[in-house]
Amino acid sequence: MVQLQALILAGGQSSRMGEDKALLPIQGQPLLQRICQVALQCTSEVAVITPWPNRYHAILPPTCEVILETPLVATFSPQGPLVALAQGLVHLQRCQSPADWVLLLACDLPNLSAAALQAWAATLATTSPPAIACLPRQYQRWEPLCGFYRPHCLPNLQAFITQGGRSFQRWLAQQPVEALPWGDDQSPLSEHRRLLFNCNTPEDWQLIQSVDLT
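Quick note on the numbering used here: the sequence shown kicks off at 19 and runs consecutively.
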């Protein structure tokens with residue numbers, strides 16, 4: 019059984035949504051709170067990285083740690099999920115018992131399923147040693163914000179960021195990555211595609227409210 023930690027990203031500007039996605043209500047609870055509760059069914063070690071810890075403190079489960087996301091030198095805004103992952107990994111590696119894998123999750127996945135994540139986690143023990151990540155793949159692209167990363171990818175990731183890299187896809191294209199089991203159903207509302215549906219716009223949010231995607 020692999021040792022797992024979870025890192026949840028809550029640093030987006032929600033500019034297309036027009037309001038903070040992390041606080042949108044899903045079945046009576048804020049979306050970020052729901053993501054934390056799903057992650058806690060996979061591991062007891064869950065951390066949220068955000069530039070605004072005070073904004074979310076009251077809604078987080080008491081066992082969830084909060085990591086302050088800090089801007090890079092000479093900037094005043096969050097630098098995107100790749101930088102947040104690097105900062106989160108730095109913090110998590112200070113733990114007494116670093117994990118074999120880190121489950122990275124965006125905070126805007128309303129259909130996230132603990133059962134699906136647990137099934138994926140069960141496959142990690144057979145991942146080839148060179149692979150730095152194990153991720154879903156669809157439409158010829160990796161889905162980097164709902165997947166698993168080996169903590170030892172950190173030096174490589176930091177080097178990429180130092181060189182100005184901010185794109186997950188470009189970084190992953192340079193790395194050995196394995197695909198998580200996906201199944202044969204290619205329909206837009208297949209189980210895994212529902213799992214990865216994220217809310218970026220008011221139209222996305224209306225869809226979640228009006229259609230049973232779970």
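What the hints contain is simulated information worked out from the structure, not anything from laboratory work. Built from N, CA and C at the ideal position, the CB exists for glycine as well. Be aware that a few hints might be false.
[Stated by the list, open to error] Here are the computed distance ranges between Cβ atoms for each label pair:
no., residue 1, residue 2, range
1, Gln156, Leu225, 36 to 42 Å
2, Ala177, Ser115, 32 to 38 Å
3, Pro173, Gln224, 24 to 30 Å
4, Arg159, Glu83, 26 to 32 Å
5, Gln187, Gly46, 16 to 22 Å
6, Ala143, Gln224, 18 to 24 Å
7, Pro116, Leu58, 38 to 44 Å
8, Arg159, Ile77, 29 to 35 Å
9, Gln187, Pro147, 38 to 44 Å
A quick look at each hint next to the structure:
1. Gln156 - Leu225: 36 to 42 Å: Roughly 18 Å apart at Cβ, these two residues miss the hinted range, so it is violated.
2. Ala177 - Ser115: 32 to 38 Å: This hint is violated: roughly 26 Å between Cβ atoms.
3. Pro173 - Gln224: 24 to 30 Å: At roughly 43 Å between Cβ atoms, Gln224 and Pro173 fall outside 24 to 30 Å, so the hint is violated.
4. Arg159 - Glu83: 26 to 32 Å: Because 30 Å falls inside the window, the suggested range holds.
5. Gln187 - Gly46: 16 to 22 Å: violated, 35 Å
6. Ala143 - Gln224: 18 to 24 Å: violated, 41 Å
7. Pro116 - Leu58: 38 to 44 Å: Violated: the Cβ-Cβ distance is about 19 Å, outside 38 to 44 Å.
8. Arg159 - Ile77: 29 to 35 Å: Given range 29 to 35 Å: holds, Cβ gap about 31 Å.
9. Gln187 - Pro147: 38 to 44 Å: Since Gln187 and Pro147 have Cβ atoms about 23 Å apart, the given range 38 to 44 Å is violated.
Comparing the model with each numbered hint stated earlier shows that hints 1, 2, 3, 5, 6, 7 and 9 do not hold.
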